[in-house]
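There are 2 protein chains.
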Amino acid sequence: MKLKILGCNSATPAYGRHPTAQVVNIKEQLFLVDCGEGAQMQMQEFGVKRNRMNHIFISHLHGDHFFGLIGFLNSLALYGREKEMHIYGPKDLKAIIEIQLMHELSYTLHFHFLDFKNEQIIYDSESVEVRSFPVHHSIETCGFLFTEKERARVLLPEECRHYEIPKYFYKRLTYGEDYERKNGDIIKNGWLTKEGKKPSRYAYTADTAPHKMYSDIIKKADLLYHEATYEEVHLDKAIDRKHSTAKQAARVAKDAEVKQLLIGHYSSRYKELDTLFNEAKSIFANTILAVEGEEIEV
Amino acid sequence: MKLKILGCNSATPAYGRHPTAQVVNIKEQLFLVDCGEGAQMQMQEFGVKRNRMNHIFISHLHGDHFFGLIGFLNSLALYGREKEMHIYGPKDLKAIIEIQLMHELSYTLHFHFLDFKNEQIIYDSESVEVRSFPVHHSIETCGFLFTEKERARVLLPEECRHYEIPKYFYKRLTYGEDYERKNGDIIKNGWLTKEGKKPSRYAYTADTAPHKMYSDIIKKADLLYHEATYEEVHLDKAIDRKHSTAKQAARVAKDAEVKQLLIGHYSSRYKELDTLFNEAKSIFANTILAVEGEEIEV
Chain U
1 MKLKILGCNS ATPAYGRHPT AQVVNIKEQL FLVDCGEGAQ MQMQEFGVKR
51 NRMNHIFISH LHGDHFFGLI GFLNSLALYG REKEMHIYGP KDLKAIIEIQ
101 LMHELSYTLH FHFLDFKNEQ IIYDSESVEV RSFPVHHSIE TCGFLFTEKE
151 RARVLLPEEC RHYEIPKYFY KRLTYGEDYE RKNGDIIKNG WLTKEGKKPS
201 RYAYTADTAP HKMYSDIIKK ADLLYHEATY EEVHLDKAID RKHSTAKQAA
251 RVAKDAEVKQ LLIGHYSSRY KELDTLFNEA KSIFANTILA VEGEEIEV
Chain A
1 MKLKILGCNS ATPAYGRHPT AQVVNIKEQL FLVDCGEGAQ MQMQEFGVKR
51 NRMNHIFISH LHGDHFFGLI GFLNSLALYG REKEMHIYGP KDLKAIIEIQ
101 LMHELSYTLH FHFLDFKNEQ IIYDSESVEV RSFPVHHSIE TCGFLFTEKE
151 RARVLLPEEC RHYEIPKYFY KRLTYGEDYE RKNGDIIKNG WLTKEGKKPS
201 RYAYTADTAP HKMYSDIIKK ADLLYHEATY EEVHLDKAID RKHSTAKQAA
251 RVAKDAEVKQ LLIGHYSSRY KELDTLFNEA KSIFANTILA VEGEEIEV
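One line per chain: the protein sequences are U and A, in this order. Be aware that the first sequence starts at 1, since it is given in my numbering, and climbs by one per residue. Be aware that the second sequence starts at 1, since it is given in my numbering, and climbs by one per residue.
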């Protein structure tokens with residue numbers, strides 16, 4: 001799983017930073033997470049393959065998280081897209097998009113409405129499961145948890161040859177099955193395969209004040225994105241607007257025992273991000289800053 | 001009058017070029033003409049002072065001409081704007097904007113609806129008059145004509161001193177009045193002032209196929225912006241989509257006897273613009289290309 005940052009700023013664009021948008025890449029299937037204004041330009045800039053994108057997740061209806069969606073959807077149609085596109089977001093998003101479409105799109109849009117009360121599996125495929133979960137913001141907002149499916153076991157070719165396993169059975173070995181010879185002998189799967197790489201989990205908590213309501217679902221994630229809109233000196237603003245400071249984000253990461261913390265959604269008041277970075281690192285060492293165009297291995 | 005290009009591409013962004021947006025500057029009062037996605041970022045990039053902008057003109061409801069408006073209006077509120085903002089556009093624009101505003105803005109929006117049947121004076125102040133006029137596109141579309149008001153006459157300071165004109169009368173001299181001495185002697189205005197710079201006219205024809213319906217209003221404009229979406233080899237596409245080729249744009253400029261032609265709204269199929277430029281210049285020599293960030297003296 002890889003994550004590419006298209007926009008890392010909050011509310012308004014500033015200092016060349018764009019509003020929130022991210023691309024999750026799971027085995028070259030791309031998932032768009034929020035879509036602030038300019039996201040489609042950023043995709044061009046950073047070589048994101050929009051045809052590999054079939055699912056878009058919109059956390060809430062503050063403009064800096066969805067104003068770029070209509071332009072992106074419109075451009076896809078102008079490029080002649082035919083594949084269906086799935087959008088997971090607040091129910092009002094449907095009317096917002098539809099009122100702006102002057103022509104019928106060349107492809108079908110499917111809207112899936114988020115539940116802002118309960119955790120929910122919103123997408124489930126062979127390779128990934130996506131859950132939405134409510135967070136604590138000034139309007140109804142969901143975060144998203146991307147979980148790679150259990151990876152297949154990895155064949156040990158020499159052992160397979162040694163035990164003369166027929167090739168047609170190799171695929172079933174990767175699912176963990178034992179092989180049974182015609183004479184009834186059992187060749188244990190553990191002799192023929194080893195464990196695959198551990199599946200990864202990416203938790204995106206959107207815009208939120210720190211809150212225990214999402215502490216379970218993000219527990220021990222490989223990567224946690226947590227907004228860090230303000231430096232600690234502006235804690236009052238963070239509380240007032242139901243955002244977080246960098247220190248609060250880091251405390252969430254620490255309590256959840258995640259492997260790595262990614263902070264973003266920087267206030268436009270900050271040209272330099274050093275203080276945000278240092279404040280977070282003082283509490284949770286394995287912190288990185290969201291930087292547009294950068295790709296993070298989860 | 002000065003014109004700054006924020007976006008010069010058509011339909012979808014491409015090669016770093018943005019969808020249509022322009023800023024007309026008349027004595028430091030700024031007028032926004034169309035507002036494609038990313039216009040607010042371009043304003044930041046090019047140092048456009050958004051507080052000097054009180055009037056926004058939207059030619060039609062194709063997304064590449066208005067998808068950036070909601071983000072811009074929203075950001076103005078986040079920056080604490082209190083001054084009223086006037087928007088001139090198709091009547092459906094009002095609902096499109098209003099459905100996307102999650103909170104009340106910090107300032108009042110006034111919508112003024114365009115007449116797509118007749119030429120209309122839509123804004124009139126001491127320094128400028130703006131007219132809308134219908135053009136020939138696939139949906140209802142208006143162009144805009146910006147006309148500077150008659151400039152004041154310019155005082156000749158030595159002559160004024162020579163004739164001992166009292167200072168309180170200087171302002172009236174700039175309006176063209178003669179000065180009458182107490183003894184009844186008349187000092188002719190022409191002895192005391194010279195003509196001011198001729199007022200300028202900028203005609204923006206938005207998206208359109210060439211058509212006589214707007215030939216009168218753009219006649220002898222100082223600057224004509226005419227879309228030139230396609231090279232001549234794609235004339236069929238231009239006709240089909242009610243756009244123009246560069247040659248057609250140049251013929252319009254020639255027939256209208258304008259001083260200068262500015263072409264833009266380039267199709268995303270063109271990385272290089274040389275052919276568009278050369279095709280237009282072959283018919284109308286005083287052609288310039290719209291380039292983002294560049295400012296043009298009208």
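Warning: the hint list may mix true and false statements.
Between beta-carbon pairs, the in silico distance windows are [said to hold, decoys possible]:
1) A:Val291 - U:Gly16: 16 to 24 Å
2) U:His103 - A:Leu105: 52 to 60 Å
3) A:Pro157 - U:Gly293: 20 to 28 Å
20 Å max Cα-Cα, derived EDC-like pairs, lysine to aspartate or glutamate [stated by the list, open to error]:
4) U:Lys220 - U:Asp255
5) U:Lys94 - A:Asp92
6) U:Lys198 - U:Glu150
7) A:Lys242 - U:Glu104
8) A:Lys91 - U:Glu98
Quick caveat, the hints were computed from the structure, so don't treat them as lab data. Built from N, CA and C at the ideal position, the CB exists for glycine as well.
Q. Does A:Lys242 pair with U:Glu104 here, judged by a C-alpha cut-off of 20 Å?
A. Within the cut-off at roughly 18 Å; holds.
Q | Hinted pair U:Lys94 and A:Asp92, Cα distance within 20 Å | A | Given pair U:Lys94, A:Asp92 holds - Cα atoms ~17 Å apart, limit 20 Å.
Q. Measuring from beta carbon to beta carbon, are A:Val291 and U:Gly16 in 16 to 24 Å?
A. With a Cβ separation near 20 Å, A:Val291 and U:Gly16 satisfy 16 to 24 Å, so the hint holds.
Q. Between A:Pro157 and U:Gly293, does the C-beta distance stay in 20 to 28 Å?
A. For A:Pro157 and U:Gly293 the Cβ distance comes to about 58 Å; the hint is violated.
Q) Is the hinted range of 52 to 60 Å satisfied by the C-beta distance from U:His103 to A:Leu105? A) 29 Å Cβ-Cβ, so the 52 to 60 Å window is violated.
Q.
What's the verdict on U:Lys220 and U:Asp255, does the C-alpha distance respect the 20 Å limit or exceed it?
A. holds (9 Å)
Q. If you draw a straight line from the CA of U:Lys198 to the CA of U:Glu150, is it 20 Å or shorter?
A. holds (7 Å)
**Q.** Straight-line alpha-carbon gap A:Lys91 to U:Glu98, limit 20 Å
**A.** Given that 20 Å is the threshold and the Cα spacing comes to 16 Å, the pair holds.
In this structure, the hints that do not hold are numbers 2 and 3, in rising order.
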